[in-house]
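J.: Listed below are the residues making up each chain.
There are 4 protein chains.
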Amino acid sequence: MLRYRVGVLGATGAVGQYLVSLLADHPWFDLTEVVASDRSAGRTYAEAARWRMPDEIPPPARELIVKDLESELKCDLLISALDPAAAETAEERLANKGFPVVSNSSNHRMDQDVPLVIPEVNPGHLDAIPVQRRNRGLAGGLLLTNPNCSTIGLVLALKPLQDWFGLEALQVTTMQAISGAGLDGISAAAIHDNVIPHISGEEEKLEVEPKKILGDFDGEQFRPAALAISAHCNRVPVLDGHTESISVRLRTKATAEELSAAFRGFRAEPSVSALPSAPARPLVLTEDDLRPQPRLDRDLGGGMTVVVGQVRPCSVLDWKFTALVNNMVRGAAGAAILNAELLVAGGWVVRS
Amino acid sequence: MLRYRVGVLGATGAVGQYLVSLLADHPWFDLTEVVASDRSAGRTYAEAARWRMPDEIPPPARELIVKDLESELKCDLLISALDPAAAETAEERLANKGFPVVSNSSNHRMDQDVPLVIPEVNPGHLDAIPVQRRNRGLAGGLLLTNPNCSTIGLVLALKPLQDWFGLEALQVTTMQAISGAGLDGISAAAIHDNVIPHISGEEEKLEVEPKKILGDFDGEQFRPAALAISAHCNRVPVLDGHTESISVRLRTKATAEELSAAFRGFRAEPSVSALPSAPARPLVLTEDDLRPQPRLDRDLGGGMTVVVGQVRPCSVLDWKFTALVNNMVRGAAGAAILNAELLVAGGWVVRS
Amino acid sequence: MLRYRVGVLGATGAVGQYLVSLLADHPWFDLTEVVASDRSAGRTYAEAARWRMPDEIPPPARELIVKDLESELKCDLLISALDPAAAETAEERLANKGFPVVSNSSNHRMDQDVPLVIPEVNPGHLDAIPVQRRNRGLAGGLLLTNPNCSTIGLVLALKPLQDWFGLEALQVTTMQAISGAGLDGISAAAIHDNVIPHISGEEEKLEVEPKKILGDFDGEQFRPAALAISAHCNRVPVLDGHTESISVRLRTKATAEELSAAFRGFRAEPSVSALPSAPARPLVLTEDDLRPQPRLDRDLGGGMTVVVGQVRPCSVLDWKFTALVNNMVRGAAGAAILNAELLVAGGWVVRS
Amino acid sequence: MLRYRVGVLGATGAVGQYLVSLLADHPWFDLTEVVASDRSAGRTYAEAARWRMPDEIPPPARELIVKDLESELKCDLLISALDPAAAETAEERLANKGFPVVSNSSNHRMDQDVPLVIPEVNPGHLDAIPVQRRNRGLAGGLLLTNPNCSTIGLVLALKPLQDWFGLEALQVTTMQAISGAGLDGISAAAIHDNVIPHISGEEEKLEVEPKKILGDFDGEQFRPAALAISAHCNRVPVLDGHTESISVRLRTKATAEELSAAFRGFRAEPSVSALPSAPARPLVLTEDDLRPQPRLDRDLGGGMTVVVGQVRPCSVLDWKFTALVNNMVRGAAGAAILNAELLVAGGWVVRS
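Protein chains in written order, with numbering that gives the first Met the number 0: chain C, 0 to 351; chain Z, 0 to 351; chain S, 0 to 351; chain V, 0 to 351.
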C-alpha cells in the first residue's frame, strides 16, 4: 500500500505522546512532523518531550525537529492533540491550507458541518465532508473530529442497544482517570486518596455528543438522536481507564439475555474492521462478576476495546451496566488514528 | 447525669476500633466490656486488637480482657459491630438475655419489628420497640439497628427533599472507600490503581433501607415510603469517605434555590441535637464548586456531618447533586453510638 | 501574657495554609497580616487561598486582605513560607526594616550568622543573633530559620544518639510525601503508582544542615559537627509524612537497650517544653514491629512528635532504625511557629 | 527444537499466574500440568484461578484440570511458585521422584548443595548439581532456585561493579511493591497512603543471598563473597516494581565514568543471552535524571531488564545509585523460567 506522511499537532503533551507511540511501525503512516508550542519549537522531539510512556521514544521520532504552528509542514494528513486554546484557530487555518485535520480537540466537535465520528458507530457521517468543504470553501482540507474520551466509551456501549431496542433516556456516572487531565493537569495533592466530583465542561460534552453520533446525517445536516442524557462526572485516583455506571431506558423492552446478545453481537462493518487500528472486537461483554475494572481491562484489544459488564435490571430506568474505556487509546490517540485510517480508506486523503 | 456501662461486640475489627476510640471520654458511657471472636478471648484488648487508628488505644480499654460471645457481660447496653455471620444468632440471644443491643450489622435491619434509625431522620421509629418486645417476648432487651454506611449518607441528604418536595425516584452511584470493607476486607493488589464495580449485597441494601427509614411506623408496622431507587455501587481507592452521585425526581417541582434552602435548613429535632454525639449540623451544603471531596470533607463535624454539593439540573430526573459521608463515623461507629444515646435519652436503657 | 501580632508571608501556599490553620486560637499570637504574590494581593484571604485543609479557614483569617511583599505590614513578627525565589530578597529586606523574620525557606539556612534551629535540639544557637545584627547592621530585625522537613525528622532522631554516644557517620534514605512539594508541586500523572528517586536539592540539604544544627556556636561562628552524612531522597505516593530509613555509626559502641533508652529518655529543656506548640514528647519510640508508618503516626503530638522504631543492628555501620516526621507540621509550619515562640520567650521580639 | 512438558506448582497464586501467562507461546515449553492446593484440585484452571492478569488466561491453560501435590504429574520439568509452607516438603519429594524442580520459593535457596542462580550472573553454579544428586541420592531429579525478588535486582546491578572494581560493603534500602506480597498478601487498609517499614524475613534474605550468588562454587561447596550488606526493607503503595537506593564501597576506587561504563558494558555470556527469555540487555543505565521509576521502567525488556540510574558519590561509602526490578517478572516468574531454560540448555532436563 502507499504510505502517507502524518504530522502530529500537540506532539509533546500526554495525548501527543500516545500518538507518537502508536504511529511507530504503523502500516500506512510515517510520522514526518511533530508540532508543538513555541517553547518547544526548534528542539529535537527527544529534547522537547518530557517522555512519560513506558516504552522508549520510537527512534524515528527522536530526532525530528519540533515545529511551531506557523511552520510549513510536509505531510499529507494532520492529527491534532492540541489543547482547546491552541486548536481554536490553528485547526481551521490548517484545513484552509489544504490539510485533512483529524482532531481529538473539542473545539469543532459540535459544528454543524464537522463529522464527529467513531468508525464502528457512524462512519457514514463522513458524508458531511462535501458540505463542510462547500460551506467553508476548502479545497483538499477538511476537519474530522473524534468525541470526548468518556463519550466514546459510552457510545460504543450504547450503539448495540440503540440498534436493537432504541434508547429513550440514560443516566451515566463516570469515574475518570487522572491521565485524562494531561501530563500536569491535576496535582497529586488534589487527587491523592480522593474523589473530585467535578470536571470542567465534561458533563456538557457527555450530554450532547452522543446524540450527534447516534443521530443521522441527512445529506445536509446532522439530526441528533432523540435521547435524554444525564451525566455525573467524577475524577478518581486511577491512572488510565474511565469507568462508567450506566442506566438506560429502552424504547422496546428487552430481557437480560437479549441485552447480552446485543452487546456480544456488536461488530463494526467489514470496511471498518479491516482498518489497521480497529480491534478484533470493539466491544466485549465480560462474564466476571467483579469486572470490568480499569487496571485489568484497559489494555484489552491494545486499549481499543470497550468492556461492558454488570448487566442487571434498573428499578428507575430499565437496565443498568458498567462500561470501561481506555481514555488515552480508544478515548483519544487511538480514536484519532482510527479516524485517520477511515479517511484514508474512504479516499479523502491525497498523497502529495 | 448517671453513667451507663457499655459493651462493644466485635471490638477488634475496623468498626469496633472506631467504637472503642469514640467511646473514650464519652460523657454518658463507660466502656466496660470488649467482646470478640474465640481467638481473641482471654487476652487484653491491647494484645488482641491490631490497632489501626491514628490515635493510641484509650488507656481504659488497653487492659480490658476480651470476652467471647458466650461470656457473662457486665453492662447496661451493648453496641454491636459483629460481622453478619456472628451477629446472626448472637444479637437476638443477647436481647433475649435482657440487653438493649444497638447494632451496626445488617442482619435485623429489615425485620418487621426492628427500628432502622438515623436519629435526625426517623427517631419516631423507636415506637416499634414495644411491638418488638411483645412479638419476641423480650423483657428489658431490644434490638435497634442503624443503616448501611452508604444508606446513611444518602438518606441524610434526601430527608430535607422528602420533607419539602416529596421524592418519587432516585438514581445513586456510590464510590465507596476501602475502610468500609474492614481491616482485611480488600487486598491492595485488588483495588490499587483500580475501581471495582461491584460490592456484594450493597446495591440491595441501598435500594430497600431508605424506604423503611423515610417511611412511617403506624403503631403496628413499618410503611415504606413509595419511592423507586436504583443504585450502582463501586469501590474506589480512597481510605475513608463514600462519595455518592445522586439524581432525584421530586413530587413537587422546585428551583435550585428552593433545593439549596431545603439542604441548608435541615436540622434535627432539639432532643436529638442535644445528644452528645450529634454534630452541630447533620447536613452541610458546600459552595465550593469542586467539593464535597472525601479527603477534605470526611472529618467535618467529627465525621458526623454529611456534606452535599454540586446541585444542578438533571435532564432525566429533576436534580442531581453529590453527597459525602464518613463511612466509619457517621456511617457506622458514630451512627451506632448516636442510636445508643437516643435510646438512653428515650428511657429505653435501665441502669442495673 | 501579652499578645503579639504575626504576619504570614506566602500565606496562600501549602505551608502558608498550615501556618494560618495552626495560628488560629494561638495563646500568644494574633494573625494580623497575610502576604502573598502580586496575583493574590488585594483580595480577601478566603478568595485568594484555594483552601485545601480539612478544617475550614479560621474565621479571623477569612476577611484579611492579602498584601503583597511591598506593602506596609502591621505586626511584631513575620513567619515566612515564601518559596525560595520570593524569599531571596524579601526576607532580608524585611529584617532590615526591623522585623524578626522566622523562615521556613531554605535561602538563609546555611548563612554564617543565621541560626538554623530546632528548639528541642539547639536553642542555644539563638546566641548568634547579636552577631547577625552586628554583621548586617540590623536594628530590631533578625533572621531565624528552621531546617528542611527531612532534616528535622532526622536530627530529632539523632540528637539523643549524638548526646549519649557521639555520631561518626550515617546513611539515610527518605521516602517523602507529596505534600512536601507544595499544592501543585507534583502532578498526579507523575507520582501515581510510582516512586521518583530524585528531589531537586534535597540530598544536599540533608547532608549539610544536620552538621550545623548538631554543631556548636562558639560566640562568633558555627562549628559544624564532625559527621559524615549520605542521603538518598525519594518521593513516594503518600500524602503527608516523610519516612526515613537510617543507619548510624556511633563513636561509643552501644547496646540495643542503651539505644532505646537514649530515644526514650530524650526531652527538650524545660524552657522549650513550656512553649505552647512544643509537644509533650518530641520523640517517641514505638514498640510496634510494623511502625512507624506515615498514615498512622504522622499526627502524634498534633504532628509535632517524631516517631522512631525498627531499631536493629546494621552490618555495615552500627545500628539501623526508621524515623517518621510530619513534614507539614513538625517539618515546616509547626517548626516555624515553635521557633517564633522560642524567639518571643527569649525576649527577641518587641511588641510595638 | 524438541519441546518440553512443564508443570507449574502453585499455579493459582500471583506468581503462578505470571508463570502461566509467560509460558503461553513459549518456544520450548508446553504447559501440561497446573498444581495447587487441595481446595483448587479437580477444577479447571479457569475455575480455580481468580485470574488477575491484564491479558486473558491463555486458552491451552483454561481447561487444564488443577491437580494437587500428591497427584501423578506428566511433565519433564516443574517450576514451583509454592508458598514456603507447601514448598517445604513437596519440592524435595518431587525431586526425589525424578523431576527437575526450578523453584522461586525461599526454602532451599541457602542449602549447601542447591544452586541459587541468576543466569546472567552465576550460571556456573549449576556445577553443584552433581554434588546435590550425590548428596541426596537423586536420579534424574534436582533442585534449582532463583533468589528473592529484591536480591535479583540488587545483584544484577552489583555484578558489573564486583567484576570491575570488587565490592567491599553496601547499604540498600528497598521500596517494595505490593504485588510482591501475593494476591491477598497485604490489605488495602494497611498500605493505602502509607509506607510499612518492615517485611518479614526480607532483610535477612537480602543480606545473605547476594553473597552466595556473587561467590564461587569450588567443585564441592559454595564460597560466599566477602561482602558486608545492610538492608532496610519497606513496602510502598506501588503495584509492581521494587525500587532500591544503594550505596557501595568498592575495593578499587573508580570514577563516575568508570562506574557508568561498567553498568553499560554488562552483558550475559552468549549461551545465556541466547535463551528465549533472556532480555536483549539484562541491565540498562538510564540517563534521565528522574529515573528509574517503577511505573515507567518496570516493563523494559518484557520486565526482565533491571534499570539503574542516579549514579553519584556517597559521602559515607563510595558511590550511590538507584536500581529498579520488576519483582513479578525478573524477580520471580521470569527468573524461574530463565533458570528452567538454562537447565534445558545445559542438558539437565531429559525429555521422557
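Just to be clear, a hint being listed does not mean it is correct.
Identical copies look the same in the list; a pair holds intra-copy or inter-copy alike.
Heads up, simulated SDA-like pairs for lysine to any residue below, C-alpha to C-alpha not over 20 Å straight-line [unchecked claim]: (1) K73 x G139; (2) K73 x G214; (3) K73 x M52; (4) K252 x A227; (5) K66 x R290; (6) K252 x G41.
For the record, the hints were derived by calculation from the structure and aren't laboratory data.
J.: Taking the hints in turn, state whether each one holds.
T.: Here is what the structure says about each hint:
Taking identical chains as interchangeable, the C-alpha atoms of K73 and G139 lie at most 20 Å apart only when both belong to the same chain, with a minimum of 15 Å there against 66 Å between chains. In the homo-oligomer, the alpha carbons of K73 and G214 never lie at most 20 Å apart, since the shortest distance is 36 Å inside one protomer and 59 Å across protomers. In this assembly of identical chains, the alpha carbons of K73 and M52 never lie at most 20 Å apart, being 26 Å within a copy and 43 Å across copies at closest. Taking identical chains as interchangeable, the C-alpha atoms of K252 and A227 lie at most 20 Å apart whether they share a chain (17 Å) or sit on different chains (19 Å).
Taking the shortest alpha-carbon separations for K66 and R290, neither the intra-copy value of 43 Å nor the inter-copy value of 28 Å comes in at or below 20 Å. When the C-alpha separation of K252 and G41 is checked against a cutoff of 20 Å, the pair qualifies neither within a copy, at 60 Å, nor between copies, at 42 Å.
When each numbered hint is compared with the structure, violations occur for hints 2, 3, 5, 6.
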